[in-house]
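Q: Protein sequences appear in the order of chains A and B.
Quick note: to get the working numbering, add 87 to the position in the first sequence (first position is 1).
Quick note: to get the working numbering, add 249 to the position in the second sequence (first position is 1).
Hints are computed from structural coordinates only; laboratory data are not their basis.
Beta carbons are placed, not taken as given, at the ideal position from N, Cα and C, and that holds for glycine.
Worth double-checking, as some hints may not be accurate.
[Claimed, not checked] Selected chain A positions facing chain B (Cβ under 8 Å, derived; list incomplete):
hint: 1; residue: ILE90
hint: 2; residue: GLU91
hint: 3; residue: VAL99
hint: 4; residue: LEU111
hint: 5; residue: PHE117
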Amino acid sequence: MKIETIVTAIFVIGIVWGGVSYFLLRAIKFEKSKNSDQE
Amino acid sequence: MKQEEFFTSRLGLILATLGIAVGTGNIWRFSRIVAQNGGGSFLIPWVFFLLFWSLPLIIAEFALGKSTRHSPIGAIAKTAGKKFGWMGAFIAFVSTAIMFYYSVVVGWCIKYLVSAASGDLFSTSNHLEYWNNFSGSSYPIVFHFIAMLIGSIVIFKGIVKGVEKVNKILVSSLLVILVILFIRAVTLPNALEGIKYLFTPKLDLILDYKVWLNALTQNAWDTGAGWGLILTYAIYMKKKEDIALNAALIGFGNNSVSLIAGIIIFSTVFSLSSTDALIQVSQSGPANTGLTFIYLPLLFSNISGSMIFNTIFASLFFLALSFAALTSLISMIELATRTLIDFGIVRNRAILFVGALGFAFGIPSAIDVKFLINQDWVWGVGLILSGAFISFSVIKYGVDRFRTEIINGPGSDIKIGKWYNYLIKYLIPFQAVVLLAWWLISSTAWDPEWWNPFHSENLGTCIVQWFLIITVFIMTNKYLVKYTLDRKS
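Bound conformation, chain B alone (with noise of 0.2 Å):
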């Protein structure tokens, strides 16, 4: 099968890419977790990690995309070897399981953005009361429809006209919007106060262990880095297009993000706030919902004595975060769907099966915000071994020979040094070996029942969904392979 269609402009790869990186989680998660490690304390490791774990797996999602033109099973095998196409398998498959959920969370936020502009979200004081009726009823169901429908729509118009020319409108225009929020909410009264404790550390935490890994956490999970996204998109890449500038951008620009959305939240929670801004911040809710669906509309409704000014804010806030969470939808469903198109299914029908799954697949998260955190934490936790798989290849592949092969090779702007090869080989799998261990450790401490595989968020639901899966996929591996690369090559 022949590459058709490449990303046009140097321009559209970027803004696609970074419409991947950036979603819900620079902006409601980012903020709770800064607030709950202690502020400047959490920040001095995040930067570190944005160093040392998503750029070298951005660097080496592009690479991986841009020299094989396979979807996550082709790329694996043919970079590891034939052996290990299961892992590629693993990776999309990782990717998918979150792309059913992770659109109905996109319709949260399209269903706060209709009630914000349309003044319905004002009508009440509580909040709480106010989701709670939402996630009861069937309208979750209804806008995770709408968002799959959306996603399925401009993956069906192809890359240039669908996912490059959506991203640029919704990108740019996600940019502007955050600026002018920042812009309002730096010059509210007290905003200082939430700035300076954003970027003022704690001696004792930045030394505690804990905050370090949550910080690796954040880049892990944020950055896109080893979802197997990038490589997907790096599919489209012209050859003559750079790896290791454009992979840097991606990282700086995602953390860039999640720093201004940071400001904007830490702004207007303390300028705002009546009671203890930092508990408000910090509250988790019900999937990481807390602050952004009930505590924020209940400081927009506050924000100034217009009410016409409230919705335009509120408006803008939740119509960034559904920009946000669409364009990383969006990259879901053409890694589901590029990894059928590469078994030899055409495109429109792929998008048909996608999109169907996918809708059906997310009822159950749509009905049950217990089932949705279920699948956030055995996936979330997953995307840990898929940045070890991608590594993995790179490591069997050879590290100095991917470098000065591929990163370094046709159309590079500037060049990777030897730093990479020791980060790849052994940076990469250590942090994974260590984040991976502390976080299913963690778990068997919250739940007295850790091995059972019916509880939410526990050790034993995490390695049962993980066997399952991973078991199929060893058993197909020489299935897999063919169908991929034979039909391809």
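Bound-form chain A, shown alone (with noise of 0.2 Å):
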């Protein structure tokens, strides 16, 4: 495989699956506190 066919797939998916997963986990961390903090 092309090397600048993997640097592409690493940027690509990077941002948009790796952006997805960090806002995801980002929701969940706050959700959470915001539950702990009603309790």
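From the two separate chains plus the hints, produce the assembled complex.
A: Next comes the structure, spelled out in structure tokens:
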């Protein structure tokens, strides 16, 4: 596999799937802290 | 009128909003446009415009809906000023006009799901003829009716029992089905060739401005940004609900689904195609149907030696496509319904009216694909104008005030920095002007009679239809705003 293919795949997948994973984890963290505050 | 219904949970809100964004564009349009624009060369600007077009507009829509608690007419009038309510009416009209023909597309997906599950789809080897026989019959009207009926019933049930509950089931199921299809597709022999093509950039194409404009167009049409649909669902957000983090989840989530769908389609086509795979993925067919309804069924019939397995694979694909399409249709019906509710019409009557109108005005597209192509062209490009109007209303309100008081206001989990001001004030209007100019000027080249408003896809038909609608809304602006805002305040 060409190096530019690997670099593009890491760039695109990293931003798109990495972005969704990052924000999902942050949302879960905020929800957990909101729930524990309410308790 | 007091706001009575709210999404019960953050998960419900996110899945419902993701249901707006994820539609047929993620599954059939994305792969075709990637193939036509050089694979990896397209993906780089596609990621760029997710950040610089889709996300700022999704954030703006969430903020407008949550802060004003109005459908687009009231939201724009309250934010930009009463003189500009017609812009909100245009946004609502464009999404409603898209609903008329999108319901027909949902009907096609349901028909192919039924055909795949019953095995009828594999009773022929000539899928072009199969498609032509279907699209030339009266069945598209029947399936269009079924799609509008299902969508209207969901809206009739309300936000919590209808929109939230149904989206939780459909969007979750869609994601699970896509993961199953993804695993199967990437384990097919020669699937790696498809994935390689998807991610390999070509230097000459990265520098081609058309590739960048196509990437911007894909983000404008596919993420739901600027349609007014996210704005409508945001009306039902609780006050303590966050804006920026939820918006980021929708934008990245939508493009993640596109990427999964792209890998599934490229792996499958490159693995099973006996002819030039790239030509097959690129083929458009009438109203983008070529790849999905003509070529993929042929591939599904060859995916394994077992007919049962082929049927399951094809059924899952069309089930995912139907779920994706239906969740987007539901949001369009809600936008039209909510606009009427803001005029003082009770929800049940508004739904009945929207359902009947949606069915009646969708019939021409169900009968004649050329009419559908015309409407897709006129209102698809109109969406860019809708995005510009949303950006305009934020600028009129005061970008910094909008950011600090509304986006970063009560309930915000993450704070948005000053960079947002520059994006919404300069970059979004610039992108909208360039994109509109490019599409409209390009359309003069592909039709010698570019001025003729009775042709399917040209400058003339766009300008005439926009002019008529905008003129009506500007002339009635006073009444539109009066009956929306005065009734609610």
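Q: Are the hints correct? Go through all of them and say.
A: Hints and how they fare:
no.	hint	result
1	ILE90	10 Å, violated
2	GLU91	6 Å, holds
3	VAL99	5 Å, holds
4	LEU111	6 Å, holds
5	PHE117	4 Å, holds
Hint compliance for this structure: hint 1 is the single one not met.
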